Amino acid sequence: MKIAASVALLWLTATTILPAQDNTADMLQRAIRFYDDVQVERALTLLRQVVSPGSPYEVSRDQRIQAYKYLGASLAIQNMRDSAIVYFRAAIERDPFTDLDPRKFSPVELTTFAEARRRTFAVAARPIARTTVDPRVERVVLSILTTHAATVRAEIRPAGSALPGTVLYDGENDGLRDLPWSGTLGGGRLAPTGRYELAVFGESRLNQRRDSTRSYFDLLQDFPALEDTLPSLRADELLPERHPPSARRRGLANGLGIAATAIILPYATGSARYGSSRSFASVAAISGGAAGIYAYFARRNNLDIPENIAINRVRQTRRLTANAEIQRRNGEKLAETKIVVSPAAGVGR
Amino acid sequence: MNRFRTLPLLAAITASAACARLPGVSSTGASIPVGVALSTNRVDHVVAVGGNAEGAQGTTVGFAVSVAPRPWIELSGRSASGRLTSENARANRDIAEVEAGLSFLVLPWLAATVGAQARRYTGALASQRWLALRTGAEARLDLANGARGVIRASVLPKVTVDGLASPSLAYGGGTGIELSRKRLFASLLYSVDRFDFPASVEGKRVEQLSTLMLQAGWRFGR
Numbered sequence: 000m001k002i003a004a005s006v007a008l009l010w011l012t013a014t015t016i017l018p019a020q021d022n023t024a025d026m027l028q029r030a031i032r033f034y035d036d037v038q039v040e041r042a043l044t045l046l047r048q049v050v051s052p053g054s055p056y057e058v059s060r061d062q063r064i065q066a067y068k069y070l071g072a073s074l075a076i077q078n079m080r081d082s083a084i085v086y087f088r089a090a091i092e093r094d095p096f097t098d099l100d101p102r103k104f105s106p107v108e109l110t111t112f113a114e115a116r117r118r119t120f121a122v123a124a125r126p127i128a129r130t131t132v133d134p135r136v137e138r139v140v141l142s143i144l145t146t147h148a149a150t151v152r153a154e155i156r157p158a159g160s161a162l163p164g165t166v167l168y169d170g171e172n173d174g175l176r177d178l179p180w181s182g183t184l185g186g187g188r189l190a191p192t193g194r195y196e197l198a199v200f201g202e203s204r205l206n207q208r209r210d211s212t213r214s215y216f217d218l219l220q221d222f223p224a225l226e227d228t229l230p231s232l233r234a235d236e237l238l239p240e241r242h243p244p245s246a247r248r249r250g251l252a253n254g255l256g257i258a259a260t261a262i263i264l265p266y267a268t269g270s271a272r273y274g275s276s277r278s279f280a281s282v283a284a285i286s287g288g289a290a291g292i293y294a295y296f297a298r299r300n301n302l303d304i305p306e307n308i309a310i311n312r313v314r315q316t317r318r319l320t321a322n323a324e325i326q327r328r329n330g331e332k333l334a335e336t337k338i339v340v341s342p343a344a345g346v347g348r
Numbered sequence: 000m001n002r003f004r005t006l007p008l009l010a011a012i013t014a015s016a017a018c019a020r021l022p023g024v025s026s027t028g029a030s031i032p033v034g035v036a037l038s039t040n041r042v043d044h045v046v047a048v049g050g051n052a053e054g055a056q057g058t059t060v061g062f063a064v065s066v067a068p069r070p071w072i073e074l075s076g077r078s079a080s081g082r083l084t085s086e087n088a089r090a091n092r093d094i095a096e097v098e099a100g101l102s103f104l105v106l107p108w109l110a111a112t113v114g115a116q117a118r119r120y121t122g123a124l125a126s127q128r129w130l131a132l133r134t135g136a137e138a139r140l141d142l143a144n145g146a147r148g149v150i151r152a153s154v155l156p157k158v159t160v161d162g163l164a165s166p167s168l169a170y171g172g173g174t175g176i177e178l179s180r181k182r183l184f185a186s187l188l189y190s191v192d193r194f195d196f197p198a199s200v201e202g203k204r205v206e207q208l209s210t211l212m213l214q215a216g217w218r219f220g221r
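Residue numbers (numbering that gives the first Met the number 0), protein chains in the order written: chain A, 0 to 348; chain B, 0 to 221.
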C-alpha cells in the first residue's frame with residue numbers, strides 16, 4: 000500500500016516537472032493550426048486551456064502573449080468584440096510590441112486590435128540585439144514604441160545615473176519608431192565603455208496616462224591597442240645642470256695646476272737648460288693661472304652648466320616630440336573605434 | 000718647393016674632402032662632431048751632443064682635424080710645417096710633420112691616447128726622417144664656461160731616426176688650456192718631447208722639441 004502511494008506521488012511530481020513547455024507549445028501550434036483552418040471553436044478551447052490558471056503545464060511569457068493574441072483574434076471573428084479587446088489588451092500590456100500581420104488577419108481582427116491599442120497605453124523599448132558599428136558611418140538603431148498617439152521622450156544615460164541623459168527623441172509618436180544613435184553623448188564625445196540605459200517616458204494623447212520603461216545595454220569601445228607614452232625622464236637620465244659650490248675652488252685649483260705643470264715641465268724634461276722652452280712654459284703658466292682665476296670668479300655668481308642645460312632640454316624636447324607622435328598615432332587608432340552594443344539585464348553594475 | 004712644405008696643404012685638402020663626405024658635416028643635419036682647425040706653432044728644436052747644444056727656432060703653421068664618432072672616443076690628425084733658423088746658418092732647416100692619434104675616455108676627465116707621427120728635417124746638406132709611436136694619457140680639467148685645462152704625458156716606445164740609432168728613452172709632456180664657445184674652439188698648448196740617444200764617441204746625444212701651439216677652429220656636427 001505504501002509502495003503504491005509512493006509510486007503515485009512520484010508520478011504526480013514527474014508530470015508536474017516534465018517538460019511542460021513542450022506541451023504548451025504543442026497546444027499552441029495545434030490551436031494556431033485550427034485557427035488557420037477556420038476551426039475557431041476548437042482553437043478557442045485549446046487557447047483557453049493554455050491561459051487557464053489551472054493548466055498543469057508551464058506557460059512562458061511569450062506563449063501566454065501569443066495565446067492572448069489568438070484568443071482575441073478568434074473572438075473577434077466570432078463577433079465577440081468586447082471579449083476580443085480584453086484579450087488583445089492582455090497581450091499588449093504584456094508586450095506592447097505585439098502586433099497583427101495584416102496579411103494574415105482579417106480587417107475585423109485588425110480593427111478590434113487597433114481599438115485595444117487605443118484603450119491601452121504603454122511605452123516600450125525593444126531589447127537591443129548585439130551589434131558592432133563604426134560610429135563614423137553607421138548607427139545603432141534603437142526601437143521604441145507607444146501603443147497609440149502620445150508625447151514621448153527617449154534618452155540615453157549611464158545606468159543608474161540620476162543626471163539627465165542624452166535626448167534621442169522628444170516629440171509626438173504613434174506606434175513604432177526607430178532611433179538611430181551615433182554612440183555619442185553630450186558634446187559629441189563617444190560614449191565610454193560601460194553600462195547604459197535607454198529610458199523612455201510617454202504620456203498618452205488620448206487618456207493622459209503616463210508610462211515609462213528602461214532598457215539596459217552594455218557598450219564596449221573596440222579599438223586597436225594603444226601605445227604607452229614615454230615616462231618622464233629619470234634623474235639619472237638627465238645631466239646635472241648646476242655645479243656644486245666647490246666647483247669654484249676646483250676651477251681655481253685646476254688653473255693653478257696647469258700653471259704649475261707648465262713651470263715644472265721644462266725642468267722635468269731637462270729642456271729648461273736650453274733654448275726658449277722656459278718662455279713657452281711661462282706663457283702656458285700665465286694663461287693657466289689666469290684661466291683658474293677666471294673660473295673662480297665666473298662661478299661665484301653662476302654655477303649653471305649651460306651645455307648640460309641645453310642637452311637636457313634637447314632630451315626633454317625629444318621625449319615630448321615622441322609623446323606627441325605617440326598621441327597622434329593613438330588618436331588615429333581611437334578615431335577608428337568601433338562600438339559593440341549588447342543587451343544587459345537588470346540595473347547598472 | 001720642398002715637397003715636405005706642401006704636407007700641411009695636402010693634409011688640409013685631404014681632411015676637407017673627408018669631412019665633406021662625413022654625415023657629421025652634411026648640410027642635412029649633422030650627427031658626428033667634426034672639428035677643423037688652423038694652428039700656428041712656435042717651435043724650438045735643440046740638439047745637445049756631449050754637452051754642446053745647438054738650437055733652432057721658428058714658426059710653423061698647420062692644420063688639424065678631429066672626429067668624435069662616440070662621446071668617449073676621438074680620432075685626430077694634425078700636420079704642420081715651417082722653417083727653423085739657427086745662429087749657425089748651416090743648421091737652418093725646414094720641418095714638416097704629420098701626426099694621427101686616437102684617444103678614448105677612461106674616466107670623464109682622463110683619456111688614454113695612442114698615436115703615430117712622422118717628422119722630417121730638411122737642411123742644406125741632408126734630410127732626416129723621424130717616425131715614432133706615442134702612447135700616453137691626457138687629463139682634462141674643468142675650468143669654467145667652456146674652458147678646460149689639459150695636462151698630457153706620453154712615452155714614445157718606438158722611434159726610428161734616419162742616420163741615428165733609435166733613442167734609448169723618449170718621452171713628452173704638455174699642458175695648456177682649451178676654450179670652446181658654441182662651435183668655435185681655440186687652444187693654447189705647450190709641449191715638450193725629449194729624445195735620449197745612446198752614448199757614442201761624441202758623447203751623449205739629446206734632442207728636444209718644444210712647441211707652443213695656438214690653434215683655432217670650428218666644430219661641425221652635433
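Hints listed in this document are in silico derivations from the structure and should not be mistaken for laboratory results. Any given hint could turn out to be false.
Label pairs and their in silico Cβ distance ranges [unchecked claim]:
#1 A:272 to B:162: 43 to 53 Å
#2 B:89 to A:310: 19 to 29 Å
#3 A:331 to B:115: 10 to 20 Å
#4 B:202 to A:241: 53 to 63 Å
#5 A:226 to B:72: 33 to 43 Å
#6 B:106 to A:237: 14 to 24 Å
#7 A:233 to B:58: 26 to 36 Å
#8 B:117 to A:240: 18 to 28 Å
#9 A:259 to B:195: 56 to 66 Å
#10 A:241 to B:185: 43 to 53 Å
#11 B:202 to A:252: 37 to 47 Å
These numbers come from a predicted model, not from an experiment. From the three backbone atoms N, C-alpha and C, an ideal C-beta is built for every residue, glycine too.
Okay, the hints, checked on the actual structure:
For the pair residue 272 (chain A) and residue 162 (chain B), the supplied restraint of 43 to 53 Å is violated, since their beta-carbon distance comes to about 25 Å. Checking the proposed 19 to 29 Å range against residue 89 (chain B) and residue 310 (chain A) shows it is violated: the Cβ atoms sit about 57 Å from each other. Take residue 331 (chain A) and residue 115 (chain B): their Cβ atoms lie about 56 Å apart, and the range 10 to 20 Å is violated. For residue 202 (chain B) and residue 241 (chain A), the Cβ-Cβ distance of about 59 Å falls inside the hinted range of 53 to 63 Å, so the restraint holds.
Range check, residue 226 (chain A) to residue 72 (chain B): Cβ separation about 34 Å, and the 33 to 43 Å hint holds. A beta carbon spacing of about 21 Å between residue 106 (chain B) and residue 237 (chain A) agrees with the range 14 to 24 Å that was offered as a hint. Take residue 233 (chain A) and residue 58 (chain B): their Cβ atoms lie about 52 Å apart, and the range 26 to 36 Å is violated. For residue 117 (chain B) and residue 240 (chain A), the Cβ-Cβ distance of about 45 Å falls outside the hinted range of 18 to 28 Å, so the restraint is violated.
At roughly 25 Å, the beta carbons of residue 259 (chain A) and residue 195 (chain B) sit outside the given window of 56 to 66 Å. Separation of residue 241 (chain A) from residue 185 (chain B) is about 26 Å and departs from the stated range, judged on CB atoms against 43 to 53 Å. The beta-carbon spacing between residue 202 (chain B) and residue 252 (chain A), approximately 42 Å, falls within the hinted interval of 37 to 47 Å.
In this structure, the hints that do not hold are numbers 1, 2, 3, 7, 8, 9 and 10, in rising order.
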